[in-house]
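Colleague: Each protein sequence line maps, in turn, to chains A and C. So the first sequence is numbered by numbering that gives the first Met the number 0: it starts at 0 and just counts up by one. So the second sequence is numbered by numbering that gives the first Met the number 0: it starts at 0 and just counts up by one.
Possibly wrong hints are sitting among the right ones.
Pairs count within a copy or across copies, as identical chains cannot be separated in the list.
[As the list claims (entries may be wrong)] Lysine to any residue pairs mimicking SDA-like chemistry, simulated, CA-CA at most 25 Å apart:
#, residue 1, residue 2
1, Lys134, Leu113
2, Lys38, Ile57
3, Lys100, Gly18
4, Lys15, Met93
5, Lys38, Ser96
6, Lys131, Val172
7, Lys131, Gly101
8, Lys15, Arg26
9, Lys100, Glu11
10, Lys131, Gly117
11, Lys100, Pro21
12, Lys38, Ala55
13, Lys38, Asp73
14, Lys38, Arg26
15, Lys100, Leu29
Simulated from the structure, these hints should not be mistaken for laboratory data. This structure is a prediction, so every number in the text was calculated from the model and none was measured.
Number of protein chains: 2
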Amino acid sequence: MNTTDDISALIELMAKLPGLGPVSARRVVLHLIRNRSQKLQVLSDLMQRVAATARACINCGNICTSEICDICSDERRDTGSLCVVEDIADLWAMERSQVFKGRYYVLGGTLSALDSIGPETLRIPYLVERVKSEKFDEVILALNATIDGQTTAHYIADQLDGLCQLTSLAIGVPIGGELDYLDDGTISTAMYARRALQ
Amino acid sequence: MNTTDDISALIELMAKLPGLGPVSARRVVLHLIRNRSQKLQVLSDLMQRVAATARACINCGNICTSEICDICSDERRDTGSLCVVEDIADLWAMERSQVFKGRYYVLGGTLSALDSIGPETLRIPYLVERVKSEKFDEVILALNATIDGQTTAHYIADQLDGLCQLTSLAIGVPIGGELDYLDDGTISTAMYARRALQ
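With the sequences and hints as input, model every part of the structure.
Modeller: Structure below.
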């Protein structure tokens with residue numbers, strides 16, 4: 000391609016971002032260059048600032064710009080319940096649903112013998128310490144309903160046994176879900192966990 | 000979302016880029032923050048540089064970092080033929096195909112009475128001047144095979160009539176195309192323009 004080196008390099012870098020490829024990266028870069036004063040400049044300034052300030056909260060693992068994140072330092076949030084999630088994206092998803100008003104703990108992955116990710120990598124010993132010292136009433140294991148997620152949840156449940164009440168998210172038919180398109184596992188779990196209508 | 004303001008603003012900006020939405024923007028930003036020293040910093044530095052240096056070539060309209068772009072200033076390219084394209088993305092597509100070794104002219108759009116885009120907006124008078132002064136042997140109208148593209152091509156052909164040889168891209172079955180999935184217009188045009196096999 001006969002563009003100058005910086006532009007080609009920018010397209011190449013953008014093409015490696017998740018969900019983008021060479022074609023969409025070209026389109027994005029062209030769009031940015033066309034609006035370079037309003038968009039490209041603003042976007043790069045913002046990226047500079049985020050690159051300089053973004054860090055992990057030492058308490059929960061969320062991304063923030065200070066040592067302790069907004070959620071951990073928010074006095075109005077319930078200090079009696081802790082929600083354990085796999086990933087920061089899961090924490091953001093929980094926050095969007097606005098259903099949980101307690102504290103979080105981000106594991107940063109799931110246990111995996113193949114990838115040699117053990118309890119220490121996920122800071123599970125630190126989680127146990129935190130549950131002991133902060134005396135939560137309830138710890139919610141909001142891990143993904145995948146094999147890896149559930150294996151990790153079982154391990155954590157073992158470690159936290161007797162320290163507090165442990166719960167996990169309900170498994171069932173998602174809202175808007177059609178039985179015809181759901182897998183057998185979800186349907187049978189939803190059947191076993193059926194509830195009375197009144 | 001309980002992230003700090005800069006991170007939310009970055010997600011919001013990214014979500015407005017072509018081909019991205021809120022979900023993919025969140026994924027991209029999270030990926031960038033996770034690799035902030037290797038990716039976010041490099042990407043923002045590159046964007047800063049491109050924002051500062053990118054400009055339109057005064058000759059052809061291509062994007063470059065100098066007054067005259069690499070293609071216009073490349074002495075090895077054929078100065079006898081000019082390829083007129085709608086958009087910079089089309090110029091890049093032509094360059095990727097490596098089939099054309101002459102000079103380009105980017106219109107920057109198509110004629111449109113509704114959007115009040117006239118010949119002056121597309122710098123067609125300047126194109127006519129250029130064809131007159133540079134004495135091209137051939138001008139290839141490589142405009143999109145859409146109604147707007149072809150209308151614009153007809154207008155340009157009228158303006159350049161008698162100044163040089165005028166050609167346009169062949170219309171036919173694309174490579175890998177299946178007749179069953181092609182529109183009637185393409186099939187009938189390909190039929191009329193059929194060629195002898197030897």
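Colleague: Are the hints correct? Go through all of them and say.
Modeller: How the hints compare with the structure:
Within a single copy, Lys134 and Leu113 get their C-alpha atoms no closer than 34 Å, and across copies no closer than 68 Å, so neither meets the 25 Å cut-off. Taking the shortest alpha-carbon separations for Lys38 and Ile57, only the inter-copy value of 22 Å comes in at or below 25 Å, while the best intra-copy value is 33 Å. Proximity of Lys100 and Gly18 under a CA criterion of 25 Å is satisfied in neither setting, with 31 Å inside one chain copy and 34 Å between copies. In this assembly of identical chains, the alpha carbons of Lys15 and Met93 lie at most 25 Å apart only when taken from different copies (23 Å versus 28 Å within one copy).
In this homomeric assembly, Lys38 and Ser96 never come within 25 Å of each other (Cα to Cα): the closest approach is 30 Å inside a single copy and 30 Å across copies. For the identical chains of this complex, Lys131 and Val172 are neighbours neither inside a copy (35 Å) nor across copies (70 Å), given an alpha-carbon limit of 25 Å. For the identical chains of this complex, Lys131 and Gly101 are intra-copy neighbours only, at 16 Å inside a copy versus 74 Å across copies, given an alpha-carbon limit of 25 Å. Taking the shortest Cα distances, Lys15 and Arg26 sit within 25 Å of each other both inside one copy (14 Å) and across copies (13 Å).
Only between protomers do Lys100 and Glu11 lie at most 25 Å apart by alpha-carbon distance; the minimum there is 24 Å, versus 41 Å within a single protomer. Proximity of Lys131 and Gly117 under a CA criterion of 25 Å is satisfied intra-copy only: 21 Å inside one chain copy versus 73 Å between copies. In this assembly of identical chains, Lys100 and Pro21 lie within 25 Å of each other by CA distance solely across copies; the values are 23 Å between and 41 Å within a copy. Taking identical chains as interchangeable, the C-alpha atoms of Lys38 and Ala55 lie at most 25 Å apart only when they sit on different chains, with a minimum of 17 Å there against 28 Å within one chain.
Within a single copy, Lys38 and Asp73 get their C-alpha atoms no closer than 33 Å, and across copies no closer than 31 Å, so neither meets the 25 Å cut-off. In this assembly of identical chains, the alpha carbons of Lys38 and Arg26 lie at most 25 Å apart whether taken from the same copy (14 Å) or from different copies (20 Å). With identical chains, the CA atoms of Lys100 and Leu29 are at most 25 Å apart between copies only, with a shortest distance of 23 Å across copies and 42 Å within one.
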